[in-house]
Amino acid sequence: MVGIYSYGVYIPRFRIKIPEIARVWGANADDLTKGLGVFEKSVPDLDEDTATIAVEAARSAMRRRSVDPEKIGAIYVGSESHPYAVKPTACTVGEAIGATPHMTAADYEFACKAGTAGIQTCMGLAKSGMVPYGIAVGADVAQGAPGDALEYTAAAGGAAFVIGNDDPIAVINHTCSFTTDTPDFWRREGQNFPRHGGRFTGDPGYFKHVQGAARMMLEQMGKTPSDYDYAVFHQPNAKFPQRVAKMLGFSADQIRPGLVVPRLGNTYSGSSMVGLAATLDVAEPGSRIFVTSFGSGAGSDAFDIEVTDAIASGAFDRSAAPTVEQLLANPIYVDYALYAKHKGKIVMQR
Amino acid sequence: MSVSRFWRKIPQRYNLIGTQCTTCGRYFFPPRSFCPECRRDGEIVDYQFKGDGEIVTYTVIRSASDQFENTTPYVLAIVRLDEGADLTAQVVCTPEEARIGMRVRSVFRRIAADGESGVIHYGTKFVPAE
Chain A
1 MVGIYSYGVY IPRFRIKIPE IARVWGANAD DLTKGLGVFE KSVPDLDEDT ATIAVEAARS
61 AMRRRSVDPE KIGAIYVGSE SHPYAVKPTA CTVGEAIGAT PHMTAADYEF ACKAGTAGIQ
121 TCMGLAKSGM VPYGIAVGAD VAQGAPGDAL EYTAAAGGAA FVIGNDDPIA VINHTCSFTT
181 DTPDFWRREG QNFPRHGGRF TGDPGYFKHV QGAARMMLEQ MGKTPSDYDY AVFHQPNAKF
241 PQRVAKMLGF SADQIRPGLV VPRLGNTYSG SSMVGLAATL DVAEPGSRIF VTSFGSGAGS
301 DAFDIEVTDA IASGAFDRSA APTVEQLLAN PIYVDYALYA KHKGKIVMQR
Chain B
1 MSVSRFWRKI PQRYNLIGTQ CTTCGRYFFP PRSFCPECRR DGEIVDYQFK GDGEIVTYTV
61 IRSASDQFEN TTPYVLAIVR LDEGADLTAQ VVCTPEEARI GMRVRSVFRR IAADGESGVI
121 HYGTKFVPAE
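Residue numbers (the UniProt record's numbering), protein chains in the order written: chain A, 1 to 350; chain B, 1 to 130.
No farther apart than 16 Å at their CA atoms in a straight line, the calculated lysine to aspartate or glutamate pairs in the EDC-like style are these:
(1) Lys-341/A x Glu-69/B
(2) Lys-223/A x Glu-306/A
(3) Lys-345/A x Glu-116/B
(4) Lys-50/B x Glu-83/B
(5) Lys-87/A x Asp-114/B
(6) Lys-71/A x Asp-167/A
(7) Lys-127/A x Asp-166/A
(8) Lys-34/A x Glu-20/A
(9) Lys-239/A x Asp-30/A
(10) Lys-343/A x Glu-116/B
(11) Lys-246/A x Asp-203/A
(12) Lys-345/A x Asp-335/A
(13) Lys-343/A x Asp-148/A
(14) Lys-341/A x Asp-45/A
(15) Lys-9/B x Glu-95/A
(16) Lys-87/A x Glu-116/B
(17) Lys-127/A x Asp-167/A
(18) Lys-17/A x Asp-31/A
Pair ranges (Cβ atoms, derived):
(19) Gln-67/B x Asp-148/A: 26 to 36 Å
(20) Tyr-333/A x Arg-62/B: 21 to 31 Å
(21) Asp-52/B x Asp-167/A: 27 to 37 Å
(22) Pro-225/A x Val-60/B: 49 to 59 Å
(23) Asp-86/B x Met-221/A: 50 to 60 Å
(24) Asp-227/A x Val-127/B: 40 to 50 Å
(25) Ile-78/B x Gly-190/A: 39 to 49 Å
(26) Glu-69/B x Ala-145/A: 22 to 32 Å
(27) Met-1/B x Met-247/A: 49 to 59 Å
(28) Ser-226/A x Ile-78/B: 57 to 67 Å
(29) Cys-38/B x Gly-190/A: 53 to 63 Å
Facing chain A, a subset of chain B residues (Cβ under 8 Å, in silico):
(30) Ile-10
(31) Tyr-14
(32) Val-92
(33) Phe-108
(34) Arg-109
(35) Ile-120
Keep in mind the hints are simulated off the structure, nothing from the lab. Values in this document were obtained by computation on a predicted structure and should not be read as measured data. Heads up, the beta-carbon is just placed ideally off N, CA and C, and yes, glycines get one too.
So here's chain A without its partners, still in its complex pose (with noise of 0.2 Å):
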């Protein structure tokens, strides 16, 4: 059966809170922090980028299970900061595992589901005996312009899943997708900062894609909400993700475990898998895990989980690399003057 061999996250150690940008633009940090239900986001390092944190993720997935690096026949990136217009991030994730060169490997770009678009490409690969692994990574240094409603949410991270059949730690028992073509957010080419139709993101836009995926993966697996343990959805914040759980009948005790941004802030194409990886961190055998990503443009891909006696047998060493709590933990925390030099938004002379 298909499904997840070893994961793996990273998130930098920088932070900064909500009320600090706030403080900056003049903004009402009350209103905002309430209204997104985010207290602080990841800020990436002076020399990290999508990149980097891609094979950070990518060597920790590989620590927690020993996997041959020769029988890793794909890699996908999703991101929509590829530190390349055209090279791709794939290629370097392959050649810091040392995958390369028998393997398949591009870049892709789906708002904030491009990640997820990745692990159904290595499920297709890897259930057709194509390639005996693949390893489908979504990360993002996101990107929001100064005093847009984004930069309150816009955050750094990924997480890395490796695909096979072999002994998976966790089972996909089914993945489907809802997809439109929806302007609700976008990034025209050499444009540094998306843009993004508001409040137009959210019903024609999330709710519309998200409930769409999860209504359909229900109805083709004949499951109700009540049928799983956990939930993770796409969490551009902390309401959206909550809201649509509930209109869809999952508890609040369900998402808990994946809703990470509240402390990580929204890590684009990292967003659901980092939400994925830390409901990983804490599942056990048996566990049942419902998971609707969300990417603007607009689309939502739905994935069955069913976690298997391999994450707790010797084979899969959870420890080996930190858990998302462990990696949200003990952060550095930046002013925004610092933050705008780490994210590159000061203009230098040349």
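With chain A held as given, fit chain B onto it using these hints.
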């Protein structure tokens, strides 16, 4: 740095690929193709260092070349890898945190970039592991 020069060193920069003389057991980084001890009796093989080590000595760079001026002050150290080879690398910590004997582990970071439109040089730095 030219594109080809950076590309040639990718195995060393990304994955700490050095060499070992299997005759005497000595490790080399950067890789050597000849053992100075065993000479013609030496058998040289590739070896990937684990990336754990300690700071032998360090300096703090406060006035850097153009490619690094955005990151000053930074710690540049000689790191002794546990296998026995020494290399020069940045340690990602404040100058106050750095000390001789500090345990460190390797991480994958952006080292420099060839301007706004040139190649990005990725490679290995170290972070405190205590």
